[in-house]
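Can you build the whole structure from these sequences, using the hints too?
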Amino acid sequence: MKKFISLFLTAIMAFSLAGCGTPASGDGSSASSPASGYADDEGYAEGKFGDTMHTYFFDFTINSAYVCSQYENYVPQEGNELLVAEMTIKNTHRESLPMFDTDFQVQWGDTSEDAFDVPITYYAESTDAIGENVLPYEYMLAVNESRTGLLIFEVPEGKNDFNISYLEEFDNDTTGDVFFVFFTAERK
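Going by my numbering, the residue at position 7 of the sequence shown is 7; the numbering climbs one at a time, nothing skipped.
Keep in mind that the hints were calculated from the coordinates and are not lab data.
Under the rule of at most 25 Å between Cα atoms (straight-line distance), these lysine-lysine pairs were calculated in the DSS-like manner:
#1 K48 with K159
#2 K188 with K159
#3 K48 with K188
#4 K90 with K48
Treat the numbers as computed from the prediction; the structure is a model and nothing was measured.
Structure, rendered in structure tokens:
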């Protein structure tokens, strides 16, 4: 699992710090502009609240997000707050999909190597105290099934601007497109 997180972070940092790389044609022209929520020729897509992101496996939308000091009975570590993001996800693939909490990561605009995290369900010994609306650490998404739930992340205190990202990863150990949703979270 740590290998996946490291690979994911490396890919995200490469896309975000390199300005999406060089044009695919190699002639200095810019890549074609994709429709909203679809990856461009370099495999990069970005959106905002309410934009549907269209991955190879599923569509997802970050509907809203806020920062708070506690969610249900879960209290973050000292120096952190909780980012609570509501997401809708729909399986557009030809078969049921296993989903994991580490499929999505949050970044908070810092250039340090550890300026990202995965949902708290990854670290929790039990998700019972977190709440029933929280997406679990692992679940199946049937063909054409939609599900709305919460992703909760521990983030440094005082941050408001975030992005939640997803990197396509295939069974043959290759990666595909990367998707970012940028937003400013409310404070509660």
